[in-house]
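Enquirer: For reference, the chains in residue letters:
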Amino acid sequence: MTLPWAAVAGGAVIGAAAVVLLATTGRVAGISGIAAGSVRAAPGERGWRWAFLLGLLAAAGLVLWWQAAPGQAPRALLRDALPAWQLVGAGLLVGFGTRLGNGCTSGHGVCGLARGSKRSLLAVLVFMACAMLTTFLIRHGGGLA
Amino acid sequence: MSRAMVAAGAAGALFGAGLALAGMTDPRRILGFLDIAGDFDPTLAWVLASALLVSAVGQRWVLRRARPSCATRFQLPAARGVDLRLVLGAALFGIGWGWAGYCPGPAIAGLAVGSREALWFVPAMLAGFWLHDRAVR
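If you're matching them up, the sequences are chains B and C in order.
Positions 1 to 145 (our numbering) are the ones given, in order, by the first sequence.
Positions 1001 to 1137 (our numbering) are the ones given, in order, by the second sequence.
Simulated from the structure, these hints should not be mistaken for lab results.
The structure presented is a predicted model; accordingly, all values stated were derived computationally and were not measured.
Where hints are given, some of them may not hold.
Just a few of them, taken from the derived set where beta-carbon distance is under 7 angstroms, the chain B residues facing chain C [as the list claims (entries may be wrong)]:
id : residue
1  : W5
2  : D80
3  : V88
4  : L122
Every residue, glycine too, gets a C-beta built ideally from N, C-alpha and C.
Take the sequences, apply the hints, and build the full model.
Expert: Set out below in structure tokens:
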């Protein structure tokens, strides 16, 4: 069996990001919490969050630019198909849900599960199941017209 | 700029590079994983397994220290018990994730290259944060 090396290497780098953030700032690398806190946290607590987000943007942009073929715009690597109302609807659900449930794929998935948190395990099982069911209904159950 | 900010910027850069390297910035890969009845794409499982392995070993090693290098203490989530908010929040997040294929990290990463989808999704997600803070104390 051949391993999907880009996925394994990318995952390891994501895991390393969580370890570096914990080792230096003592914080959990949960993207929904960091993004929400970048505007909501006390003024002295915002700086490291903005630094994290800017680092994320810069590095993701660089890698996508490197992955693009010569003359191809990096954004052409990403999907551009979903109508705006669906993106807005899904965005609202993801924003509200991750605050209510205190985390997303990174905070509960990469960080919480790895620490053996029971809350994170339940959250991951619930959001994976709901996401798979939603995708199933949209793709095989008639869809959204 | 403080040492903590430099460190957080480096951690963010690793996170963003890892996402893009693994192909997780494209929602088609995410939905390919979530669509277990279709043309299943296992990439996300490999990414998560690899991230978990590094994160589990690394966090265990880091938390043996007395304190983080740029702060006075570790600030881990304090909540222990399972409640309805956790389950409901995870369910709503899952529905949104399975709908468009974006969780917060990849959506924000899409902004870096001016993805039209990310430019709609991220402001709506921020509005979702705000609505939550208005509706739930």
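Enquirer: Now, for every hint given, state plainly whether the structure supports it.
Expert: Evaluation of the provided hints:
no.: 1; hint: W5; in the structure: violated (9 angstroms)
no.: 2; hint: D80; in the structure: holds (5 angstroms)
no.: 3; hint: V88; in the structure: holds (4 angstroms)
no.: 4; hint: L122; in the structure: holds (6 angstroms)
Of the numbered hints stated above, the single one contradicted by the structure is hint 1.
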